[in-house]
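**Student:** One letter stands for each residue in the lines below.
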Amino acid sequence: MSQMITQKLMLFFPKCECEKPIIYHLVKDHNLIVNVFRAKVTPEEEGYLVLDVTGTEEDIQGAMDFLRTFNVTINHTGKGVSWDEHRCTHCGQCVPHCPTGALHFADPATRQVAFDDGECIECLACIRVCPFNACASTF
Amino acid sequence: MRTFHFRGPKQHGLKPILRVSLQTAFLMKTYEQINDRIASGKAVVLTADEIMDYVDKKGVAAAAREVDVVTTATFGPMCSSGCFLNFGHSQPRIRMSEAWIEDVLVYAGIAAVDVYLGATQLRHADPANMYYPGEFRYGGGHVIEDLVAGKTLQLFALSYGTDEYPRREIRTYFTIHDLNQAIMVNPRNCYQNYNVAINDSERTIYTYLGMLEPRRKNATYCSAGQLSPLLNDPYYETIGVGTRVWLAGAHGHVYAEGTQHAGACERTPNGVPKEGAGTLALTGDMKQMRPEFVRGVSLRGYGVSLALGVGVPIPILNEEILQRTCVRDRDILAPVTDYSHDYPEKTGRVIRHVSYEELRRGEIEIEGKKVAVGSMSSYHKALEIAHLLADEIRRGEFLVSRPIAPLPRDAKMKPLVIREK
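In order, the protein sequence lines correspond to chains W and L.
Read left to right, the first sequence gives residues 1 to 139 (the working numbering).
Read left to right, the second sequence gives residues 140 to 560 (the working numbering).
Label-pair ranges, simulated between beta-carbon atoms:
#1 L:K508 x W:G101: 17 to 25 Å
#2 L:T314 x W:T73: 36 to 44 Å
#3 L:K508 x W:D65: 51 to 59 Å
#4 W:T100 x L:Q320: 44 to 52 Å
#5 W:E44 x L:G507: 51 to 59 Å
Just so you know, the hints here were simulated from the structure itself, not pulled from any lab data.
Glycine included, every Cβ here is placed at the ideal spot set by N, Cα and C.
Using the sequences and the hints given, assemble the complete structure.
**Tutor:** Here it is, written out as structure tokens:
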């Protein structure tokens, strides 16, 4: 059996695609384990979805090919929460509020804050507590 | 990534014979001698983060002879900050009686086209805490950040009109370069020490030290600890009125004791205050400042402020002064205070004192419960400033100055008494 891998994705659904049960097909037809972090449908009926998908490389590839048959934008890099390292002053106000350690001190000596977006579950706590507006949500 | 240069004491300029003769004197070095060495590019400069290990290795007597300056620094919100701006005169002239920059009210009760812009002023029509907790996205601190960053800002001003200042209204756009003067004048910066805030209540509270979750779930502090200027000179022996400081990249100075300066306070046996204690009033030319060290602050549920980077050089005049710069985070204690009841009601209760070493571990223990800790002050930026200032001194570009008056050591903080006339 091939090795299972996990990928974090952000999907953007234009208005016309919002009513289709795409996640259902990812699970049913492509054998993926899906963990949705955050989903939103805007008043313009556009949809945003941030999720982890776990499966074999072939299954994930198949799912991506399936997604591309719709008018869905798949973003592998930019996620729903961003951290602007130039706005960050490395005060560490966010660190105890980040439940997964995605925001953490990279070096105990220089106390530089770093953001590991793979660990981010998009709870948005950092956006509420950052005094310098360094964290932002794409949607 | 900026690299920090450590320049060892090898470039020492004093001849051995002179060293011996100075060693016996109480005043080992004078300000003039230190400045001569700075000017000739031979000064030995270490940061307050490096000096302890250096003194442990060399011994205090040898280190005091070798080291000329220890640099200290801090970066964090400093609410009592602001700036005087002079716009120059329009044609026809206006004597501004009310004025706004980017819709943030400035104080115009001074000469015709002078204003004072304060860090905590909210933007016009900000709902504040009407929809609690308010977001406070933009205010005085952000205008100051934008000014230093060279952005184009809107000025709107009104006047009642006079014979020589007939204009009644003006709306125009400007940058800091268009102003005659932009002088930062901060009545209270660089608190010597500060409270650690926690929340004893059952609901989330929002404070100037950040969001505090109920039942002591988290704590916040705000100090650079062992790097902080007044913690390295706890009795104000070298830092006084007239001391030249590095204010967000500009060469500014201490113009007075800071407001609420209260040197008479409880101290540890080595002299370190166990509460707020001393403060500095600072001024500097905003046109010389660097935007990464002048940052607007939005504190949910509280308001807006300004975070500033300050560096202060401590001239090593004798062994005692050097010894006090060797203070470590573990020797500095801060009072843990409840901000849901004790602070607002001014009960004076301190739950316990914790050291900055404990705080920096990210977790403290309070009455048997582990509490997660966050900071409002950036040690990372403070460290960067201490190194930038050290490099400027080594290059001979920043001289130390003898204070023209000391900061008071015996002042106590008075309360505001509510009474009948």
